[in-house]
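Just need the whole structure built from these sequences, with the hints factored in.
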Amino acid sequence: MLKEHKTINLYLEDKNIERFTLDAIFIASIFPVQHLSKLNKIAMVTNRKWIHAIANFNKALVGVEIRNFTIEQRLDAMSWIAED
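Start counting at 1 in the sequence shown, then tack on 14, and there's your number in the working numbering.
Where hints are given, some of them may not hold.
Dumping the calculated BS3-like pairs for lysine-lysine here, alpha-carbon to alpha-carbon at most 30 Å [said to hold, decoys possible]:
(1) Lys29 / Lys52
(2) Lys55 / Lys73
(3) Lys20 / Lys52
(4) Lys73 / Lys29
(5) Lys63 / Lys29
(6) Lys73 / Lys63
These aren't lab readings, by the way, just hints derived from the structure by calculation.
Following this line, the structure appears as structure tokens:
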């Protein structure tokens with residue numbers, strides 16, 4: 015997908031899984047840094063404040079627009095991420 019589009023919007027939702035896998039940590043932390051030139055914006059949907067804190071830290075590092083949403087705001091997140 016990254017080769018087909020100039021930029022992408024990334025939607026990440028925490029499904030209240032008790033343990034995070036290394037894949038989940040990679041996607042949330044490393045992927046935005048590695049694909050910085052392709053990312054337009056990221057929606058992070060979770061009720062976990064520590065994940066929002068990681069997203070805010072990444073925002074400062076990568077300069078991509080990242081917005082945090084609660085699970086209750088997931089439809090707002092989907093609407094926002096669908097915009098150009």
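Now for the hints, and whether the structure bears them out:
Restraint check for Lys29 and Lys52: satisfied, since their Cα atoms lie roughly 25 Å apart, inside the 30 Å limit. This hinted pair checks out: Lys55 and Lys73 have alpha carbons roughly 10 Å apart, not beyond 30 Å. Between Lys20 and Lys52 the alpha-carbon distance is near 6 Å, which keeps this suggested pair within the 30 Å criterion. For the suggested pair Lys73 and Lys29, the alpha carbons sit about 22 Å apart, so the restraint of at most 30 Å is met.
For the suggested pair Lys63 and Lys29, the alpha carbons sit about 14 Å apart, so the restraint of at most 30 Å is met. About 15 Å separates the Cα atoms of Lys73 and Lys63, which keeps this hinted pair within 30 Å; it holds.
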